[in-house]
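K.L.:
Keeping the supplied structure of chain A fixed, place chain G upon it in accordance with the hints.
From first to last, the protein sequence lines are chains A and G.
Letter 31 of the first sequence, counting from 1, is numbered 287 in the working numbering, and no numbers are missing.
Letter 147 of the second sequence, counting from 1, is numbered 403 in the working numbering, and no numbers are missing.
Each hint should be verified, as a subset may be incorrect.
When chains are identical, the list treats them as one kind, so a pair holds in a single copy or across two.
[Stated by the list, open to error] Cut-off 30 Å, straight-line C-alpha distance, at most; resulting in silico cross-link-like pairs (DSBU-like, lysine-lysine): (1) K280 - K351; (2) K393 - K280; (3) K393 - K350; (4) K389 - K350; (5) K393 - K351; (6) K393 - K299; (7) K389 - K351; (8) K299 - K389; (9) K350 - K280; (10) K350 - K299; (11) K395 - K280; (12) K299 - K280; (13) K395 - K299.
Derived by calculation from the structure, the hints in this document are not laboratory data.
No experiment lies behind these values; they were computed from the predicted model shown.
There are 2 protein chains.
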Amino acid sequence: MKTEPIGCSPIQLTPVGVVRSAIKAPMLCAKDSDLTLTERMDKIRTEYLHNQNLVSELVIEPCWEELLDGIEDFSHILVLYWPHLLDPARRQLKKVHPMGRQDLPIQGIFATCSPARPNPVLVSAVALLSREKNILKVKGLEAVDGSPIIDLKPYTRGYMQINPIRMPDWMERIHRELTAE
Amino acid sequence: MKTEPIGCSPIQLTPVGVVRSAIKAPMLCAKDSDLTLTERMDKIRTEYLHNQNLVSELVIEPCWEELLDGIEDFSHILVLYWPHLLDPARRQLKKVHPMGRQDLPIQGIFATCSPARPNPVLVSAVALLSREKNILKVKGLEAVDGSPIIDLKPYTRGYMQINPIRMPDWMERIHRELTAE
Numbered sequence: 257m258k259t260e261p262i263g264c265s266p267i268q269l270t271p272v273g274v275v276r277s278a279i280k281a282p283m284l285c286a287k288d289s290d291l292t293l294t295e296r297m298d299k300i301r302t303e304y305l306h307n308q309n310l311v312s313e314l315v316i317e318p319c320w321e322e323l324l325d326g327i328e329d330f331s332h333i334l335v336l337y338w339p340h341l342l343d344p345a346r347r348q349l350k351k352v353h354p355m356g357r358q359d360l361p362i363q364g365i366f367a368t369c370s371p372a373r374p375n376p377v378l379v380s381a382v383a384l385l386s387r388e389k390n391i392l393k394v395k396g397l398e399a400v401d402g403s404p405i406i407d408l409k410p411y412t413r414g415y416m417q418i419n420p421i422r423m424p425d426w427m428e429r430i431h432r433e434l435t436a437e
Numbered sequence: 257m258k259t260e261p262i263g264c265s266p267i268q269l270t271p272v273g274v275v276r277s278a279i280k281a282p283m284l285c286a287k288d289s290d291l292t293l294t295e296r297m298d299k300i301r302t303e304y305l306h307n308q309n310l311v312s313e314l315v316i317e318p319c320w321e322e323l324l325d326g327i328e329d330f331s332h333i334l335v336l337y338w339p340h341l342l343d344p345a346r347r348q349l350k351k352v353h354p355m356g357r358q359d360l361p362i363q364g365i366f367a368t369c370s371p372a373r374p375n376p377v378l379v380s381a382v383a384l385l386s387r388e389k390n391i392l393k394v395k396g397l398e399a400v401d402g403s404p405i406i407d408l409k410p411y412t413r414g415y416m417q418i419n420p421i422r423m424p425d426w427m428e429r430i431h432r433e434l435t436a437e
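For reference, chain A alone in the conformation it holds in the complex:
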């Protein structure tokens, strides 16, 4: 068995801006470990629904403002950002119960949307509401206030809209529970 590392060099990123949001802490944190399963599911659902309609600002460094020209013609964009409040030790995690729910089968990190991952570059597809110079208003971004922005891209039909797709039962269940009326 091949065990030597593949040996890629480290990569350095410089944030291009910062998120301004009413979300001041991650959805689930250490103190939530005392919640019962029902309390945890209620909390996740309440925050998910709230965040769906939440308007946040993406404040881009003035030196990069010109790179936004034309982005306002897209209804949706991808925001790549860094979860700066994540404990770096959690980047070593290998498996988790999705959303910390013991009733869902444990999964490898790459099979989940957990922010705890080796390179926590988070990707969110959000509605773009407006642009004013170097500031974008977006709806539905779950990033915590102060999160560094790594990149912005258009959400496009050709590359991002895939249908049909297949997901495992546990993910279908999360999706159903979050979106049920």
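P.N.:
Below, chain G without anything else, positioned relative to chain A:
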């Protein structure tokens, strides 16, 4: 006008694997600047259609193999990778004609899918065909052979499938030209 930088610290990533692909060079490179518009469009379309069905391998570092457990239950995944052949000087670009086409209006980099951007973390949604230990086979990845892999995530209905969307005319036109029979 506020001009001081927002002042986010640099972020360091360590690749978790590498792409193995039949694509040995980026789709468009410096030598293509001599192409006529028609030649350029033909070249882009031919390579796009070819790449749609191309099977590539994602070779994950053995130390991270366990993080893949469960990913095989998703039909599609997001691959975050680094365009290692990109000239670093191109990370300073502010505007481009999409795909180098002079017939399309010049756009800010954040309004395009250009790999030349301040933090070129590229995101591709691809079909996951199979997993064998630390190696995934995927279809439709445009990454060049040797590209460092930054992260893998599931492609999910709730977070990634957005419909309807609006795109500018130039992007609708690219989409139409690439996908026309």
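K.L.:
All the hints need checking, so say for each whether the structure fits it.
P.N.:
Hints, verified against the model:
no.	hint	result
1	K280 - K351	within (26 Å within a copy, 34 Å between copies)
2	K393 - K280	within (17 Å within a copy, 39 Å between copies)
3	K393 - K350	between (35 Å within a copy, 21 Å between copies)
4	K389 - K350	between (41 Å within a copy, 15 Å between copies)
5	K393 - K351	between (35 Å within a copy, 22 Å between copies)
6	K393 - K299	within (26 Å within a copy, 37 Å between copies)
7	K389 - K351	between (42 Å within a copy, 16 Å between copies)
8	K299 - K389	neither (36 Å within a copy, 36 Å between copies)
9	K350 - K280	within (27 Å within a copy, 32 Å between copies)
10	K350 - K299	within (25 Å within a copy, 42 Å between copies)
11	K395 - K280	within (16 Å within a copy, 39 Å between copies)
12	K299 - K280	within (15 Å within a copy, 48 Å between copies)
13	K395 - K299	within (20 Å within a copy, 38 Å between copies)
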